[in-house]
Amino acid sequence: MDIIQQLFPLPPIPTLQQAVFIPLALFTAVCALLVVLSPNLFHNALALVGTLFGVAGIYALLEAEFLAISQILVYVWSISTLITFAIMLSRGMMFGATSKTNKQAGTAIDGIVVIGFIGWCNFVSARSKLDVSIAVA
Amino acid sequence: MEIWSSGLTHLLTGLGLPETAAVIIALAIGAFVLANVGPVLALVLILLLRKVISRMQDRIGPNRVGPFGLLQTVADALKLLSKEDIRPANADAVAYFLAPILSVFGVILSLGVMAVAPGWIGVDLNVGVLFLTALGSIGIMSALMAGWSSNNKYALLAGFRVVAQLLSYEIPMVLAMFVPVLLVGSMRLGALSAAQSLTIFGFNTGLGWFGFLMPGAFLIYFISALAEGEQTPFDLLEAESELIAGFHIEYSGMKFAMFFLAQFLNSFFLGAIAVMLFLGGYQGPFVDQIPLLGFVYFVIKAFGVYLLTIWIKGTFPRIRVDQMMAFAWKVLVPLVLALILWQMIALKLPGATLDPVTGDVLQYGFLNYIAVFAGNLVVLGVVSNVLMNHFKREKMRTKRAFEPKSLIGVMQPSSGD
Amino acid sequence: MVPLSWYLVLAAFVFSCGLYGALVRRNAIAVLMGIELMLNGVNINLVAFWRYGDIIDKATQQVVRLDGQIFALFVIAVAAAEAAVGLALIISIYRNRKTVSLDQMDLLKG
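Sequences listed follow chains S, A and E, in order.
With the numbering used here applied, the first sequence corresponds to residues 1 to 137, in that order.
With the numbering used here applied, the second sequence corresponds to residues 1 to 417, in that order.
With the numbering used here applied, the third sequence corresponds to residues 1 to 110, in that order.
What the hints contain is simulated information worked out from the structure, not anything from laboratory work.
The model shown is predicted, which means the values in this text are computed figures rather than measured ones.
Glycine residues also receive a C-beta, built at the ideal position from the N, C-alpha and C atoms.
Treat the hints with care, as some may be off.
Claimed, not checked - Where chain A lies over chain S, by a calculated footprint (3+ residues, C-beta under 8 Å):
| id | stretch |
| --- | --- |
| 1 | 56-69 |
| 2 | 79-88 |
What the hints assert, rightly or not - Take a look, some chain E residues computed to stay more than 10 Å from chain S by CB distance:
| id | residue |
| --- | --- |
| 3 | GLN69 |
| 4 | LEU73 |
| 5 | ASP106 |
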């Protein structure tokens, strides 16, 4: 328990920003999962839009409003529209009988990549002093 | 709403609430009020549209329900709400349900940044203009979602069409919005409205409208806003007299009503943005003394622009889809790009008063204003010339179509084709 | 304040999802979506490090450094260009070969 406490220094009551961050991050993460896991290609595109909105919210939380609006303008306006058009113009793949994923050992490798990457990041950041010496504006 | 919400926050903290909770409650009340302004406003807008259009078509319009038919739209809304909610059997459930909600959501959000009177603004974002343009993306996504999820090929085609139209006209619209932004040097809507004051002998007449200084940008914005709001010369999406409805053909009852609401509010809000950017916002005589007067001016101006769109709806013929796209890409986009380039040059001409320390511009000189105005006059001339030629040709074509055949050879078209 | 590591975990998660999609999916458009996700994960990291770095000038209390945001803007611009080019390629391949499955694009395979 001590190690967990040390790695995740959760305050007892989340502050306002944390209370905004947690649902936003959950939304973003679930949408990001749906982008790669949902079998329907159009649902993937919709989930991508959700992820992009969530990331824009994260930017707004990080006080980069201009970047947040640019994200919505560029990504949601143009890129997601382009992707949706491309999906609908190449419609044959939407209802194909083949499996959606290839047979690479990708799944296993990526499982390791996901877990290892998250653990590594968390480890590094928890050990550095960045969390403690937050530049309070 | 800034003044109002800070007053409410003070009141709540006085009652013993912690500061954060008071702010959250005040903001929630403000958001609730603004979200309810939307539907009520839409009832007024629809009634106004029906009354004015019927006067133009030599009819009386709705006059049965309530005094002068004032309650007609309320009755219509109740009828729509009580209708059966039908979902096509093979529709995609999630996207089908989300699309109408998103369309209303995206439109109503823009109320939050509108500067309706001095200090009356939900949030004075420092990227307010960009925020307003970014909201359009939600409308696009909802159109695509509705078109695709209905599982109807006509709905899908209409969804493609509306996305193509909105994307094409978004570009000249955003660029025209940035012409006044370049002059003011701020994207805050409050600052943009405040910059349109005109003080003569110490009295603020409030007539320094950017529409006078930049008529070209205003015309381009107005045309693009008509297309963005799917108003009449550009309402190919649901040409009521010619086609079935657009991407919302499979929707019924309340969901259909939500699309309807979003469309009306969108065209009204685009007019309100035109008021804020080009027609002085809340500016007018005696606004500095009585801030409430600013709200009155704003509402009058916004409804004036809305009446103008109704007038256009009642008089102009619909244009073809290829003409519409060609007009956006071959006329509006090059012109507005040239206008922005010219504006940048004009604002760098000598004559501006600079801040001695930072080098920022405090006040532009006479030469800058004259150059901006001249560039805009050229753009105004070109755009109106293109429009005049188009409508002259169309008039000739209609005349030919309705004349008896034997007369065609006799008639001499003036434009030469 | 939100601890920096929360942002990093989120960024890592989004990046890993994108990596999974880019490696495993058959559909070329889905692969492109995975790449967009990866770019977004990187962007979150850039902006988070920018925000938690030393950006305030002590004397004037103004935000003086914007490098993280500028980097993120560049990434967004590159992503837009990449999506345009990539989707154009995919559409033209689809017109030629009637497929967008990466497994079947094996013209150069001996």
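Hints and how they fare:
By the rule of at least three residues with a Cβ nearer than 8 Å to a Cβ of chain A, the coverage given for the stretch 56-69 of chain S holds, with 3 such residues. Under a criterion of three residues with beta carbons nearer than 8 Å to beta carbons of chain A, the stated coverage of the stretch 79-88 of chain S is upheld, 5 such residues being counted. Distance to chain S contradicts E/GLN69 as a non-interface residue, since its nearest Cβ pair spans about 5 Å, not more than 10 Å. The non-interface label for E/LEU73 is inconsistent with chain S: the shortest C-beta to C-beta separation is roughly 7 Å, within 10 Å.
Residue placement check: E/ASP106 keeps its beta carbon more than 10 Å from all beta carbons of chain S (closest about 13 Å).
Checked against the numbered hints above, the structure violates hints 3, 4; every other hint is satisfied.
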